[in-house]
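**Q** Here are the chains, one letter per residue:
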Amino acid sequence: MNSADTAFILICAALVMFMTPGLALFYGGMVRGKNILGTLMHSMIMLGVVSIVWAIIGYSLSFGSDIGGFIGGLDYLWLNGVGQEAAPMADNLPHLVFMIFQCMFAVITPALITGAFAERIKFSGFLLFSILWVVVVYAPMCHWVWGGGWMGEMGALDFAGGAVVHMSSGASALAAALYIGKRQGFGKQHFIPHNLPLTILGAAILWFGWFGFNAGSALAANGLAASAFVTTHMAAAAAACGWLAAEWLHAGKPTTLGMASGAVAGLVAITPAAGFVTPMGSIIIGLLGGFICYGGVLLKPILGYDDSLDVVGIHGLGGTWGALATGLFATTAVNVGGADGLFYGNPGQLWIQFVSVIATWAFCFVMSLILLKIVDVIVGIRVTPEEESVGLDVSQHSETGYQF
Amino acid sequence: MKKIEVVTRPYKLDEIKEALTELGIKGMTVVEVKGFGRQRGHKEVYRGAEYQVDFTPKIKIELVVDSDMVPHVVKTIQDNARTGEVGDGKIFISPIEDVVRIRTGETGHDAV
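One line per chain: the protein sequences are A and B, in this order.
My numbering puts the first residue of the first sequence at 1, with every later residue one more than the last.
My numbering puts the first residue of the second sequence at 1001, with every later residue one more than the last.
Calculated directly from the structure, the hints in this document are not laboratory data.
Computed from a predicted structure; not experimentally measured.
Glycine is no exception: its CB is placed at the ideal position from the N, C-alpha and C atoms.
Where hints are given, some of them may not hold.
Pairwise CB distance ranges, derived in the manner of DEER restraints [said to hold, decoys possible]: (1) B:1036 / A:351: 54 to 60 Å; (2) A:189 / B:1035: 18 to 24 Å; (3) A:48 / B:1036: 27 to 33 Å; (4) B:1054 / A:77: 55 to 61 Å.
Pairs of lysine-lysine, DSS-like flavour, derived with a Cα cap of 25 Å [to be verified]: (5) A:253 / B:1043; (6) B:1003 / B:1017; (7) A:373 / A:300; (8) B:1090 / B:1003; (9) B:1043 / A:182; (10) B:1043 / B:1026; (11) B:1060 / B:1026; (12) A:300 / A:182; (13) B:1012 / B:1034; (14) A:300 / A:253; (15) B:1002 / B:1090; (16) B:1090 / B:1075; (17) B:1034 / A:188; (18) B:1034 / A:34; (19) B:1043 / A:188; (20) B:1043 / A:34; (21) B:1043 / B:1090; (22) B:1012 / B:1043; (23) B:1043 / A:300; (24) A:188 / A:300; (25) B:1002 / B:1075.
So the derived list for chain A, only partly shown, Cβ under 10 Å to chain B, looks like this [said to hold, decoys possible]: (26) 30; (27) 190; (28) 191; (29) 192; (30) 195; (31) 247; (32) 250; (33) 251; (34) 253; (35) 258; (36) 295; (37) 297; (38) 298; (39) 300; (40) 304.
Please take these sequences and the hints and turn them into a complete structure.
**A** Put into structure tokens, the structure is as follows:
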């Protein structure tokens, strides 16, 4: 074990934890004022609930001994055997450190989905869905990619969670937006963000926390962590510029929401590639990520689904682009443990990435639809029209965010 | 006596108030209002989605003056509120039956 690595990953875990309240503000500012608390709650309560689910069973299903490449065993149920000794997945770290770092990823991923059904989901239904989702969708995905499962074995590259975190939440968000349906008045009324400064602050916190997310995924305080830190920052910077440029050309003015959205899109896009590409590669991935995700949010009104806060457009599309871009830009010059991509003479890697994209989308979309149906039957998933009209703050929590 | 109501641009309020004070007007009431005329509102864009916001913030000034003052007051307001662009607003003039000063009970001309 290595104390520098241990210190670094503990701090990274804390940084990743801070992304969830950051996400809460990012989303909270974009909804109408009557739904601010409900929206903040959707992210914040994941820190509570998912952490417990993770300790009880999620960690074991993700990182327990492999069963057929599909799921982890029950070796670590109730965190049995997860202590201060070296982690099986990273022998430079105490097992508890690896577990809690991974816990923070499990917390933020279902929180990302909440942008799709903001302003209309029933709190009880949302909680049940999220708990089931972590067990049935997140844990297998995590096992497939990082826990010794088939996707990792196949050679798919996913440094910090392009498939596990972003495509999985994007695909599930699409399922949720389609199943739960549009908000009342969608396409007729205005859904104008009520507090963009909150959104900008949230985006800034996400950017900050993402250094823990991506650099920490090196699982050591080393050169690879530094490389991932730099690629993360460059991609976010390039994507903020890319989105803004696309918007300025297309809609006539550069907006703050566009700048913040672009930065997040770049962070999403670089996530799978962060430890495999050069800084110049990351700038191209970010810049194109900004353009692609801007196009993604424009698709929403054309396709006619109400993904309230563009989880599909940003996390789904951005994660997909990042996974494919990893197959283009990856180079063993950055990471000997990785592989070369198409631009470094290995077209096979792009195919592997493509397979991982299709499998992730299909699995997460279908499983989420099934879970939504189950939850709908048991406790109900959508608030009544009257509850929706007064807002989630009063109808779900008996509180209001602002007193004027 | 006439009541004069002016709906115009908020940033013109100080100029209008000062010019009217110089003219000898002793009081007025100001409200913040929203509305639209030929100017309509403005466009807002969020992640590429355009929203037309119809109601533009305006101020409404209300004052009651003796009938012979009306032409001067209207001219002063027009001179100070006018930019020449759409959205300068409108002046409405209507008759007033009587005015009572609450403190003294004075009525009519004395109370204005």
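**Q** Does residue 1090 of chain B sit within 25 Å of residue 1002 of chain B, going by the straight-line distance between their CA atoms?
**A** holds, 16 Å
**Q** Under 10 Å is the threshold here; is the Cβ of residue 258 of chain A close enough to any Cβ of chain B for the hint to stand?
**A** The hint holds - residue 258 of chain A has a Cβ within 10 Å of chain B, the shortest such distance being about 7 Å.
**Q** Using the nearest Cβ pair, does residue 251 of chain A come within less than 10 Å of chain B?
**A** holds, 5 Å
**Q** Check the following: the C-beta atoms of residue 48 of chain A and residue 1036 of chain B are separated by a distance inside 27 to 33 Å.
**A** violated, 47 Å
**Q** Checking hints one by one. Is residue 304 of chain A an interface residue toward chain B, by the C-beta closer than 10 Å rule?
**A** violated, 13 Å
**Q** Sort out whether residue 1043 of chain B lies within 25 Å of residue 253 of chain A, counting only the CA atoms.
**A** Satisfied, since the Cα-Cα distance of roughly 11 Å is no more than 25 Å.
**Q** Holds or violated: is there a CB of chain B closer than 10 Å to the CB of residue 247 of chain A?
**A** Check passed: Cβ of residue 247 of chain A comes within 7 Å of chain B, closer than 10 Å.
**Q** Close enough to count: is the Cβ of residue 250 of chain A nearer than 10 Å to one in chain B?
**A** holds, 7 Å
**Q** What's the verdict on residue 1060 of chain B and residue 1026 of chain B, does the C-alpha distance respect the 25 Å limit or exceed it?
**A** Given pair residue 1060 of chain B, residue 1026 of chain B holds - Cα atoms ~17 Å apart, limit 25 Å.
**Q** Straight-line Cα separation of residue 1043 of chain B and residue 1090 of chain B no greater than 25 Å?
**A** holds, 23 Å
**Q** Under 10 Å, Cβ to Cβ, is where residue 253 of chain A needs to be relative to chain B, so tell me if that hint holds or is violated.
**A** holds, 7 Å
**Q** Compare the distance between the alpha carbons of residue 1003 of chain B and residue 1017 of chain B with 25 Å, and conclude whether the hinted pair is satisfied.
**A** Holds: residue 1003 of chain B and residue 1017 of chain B sit about 16 Å apart, inside 25 Å.
Against the hints set out earlier in the document, violations occur for numbers 3, 10, 30 and 40.
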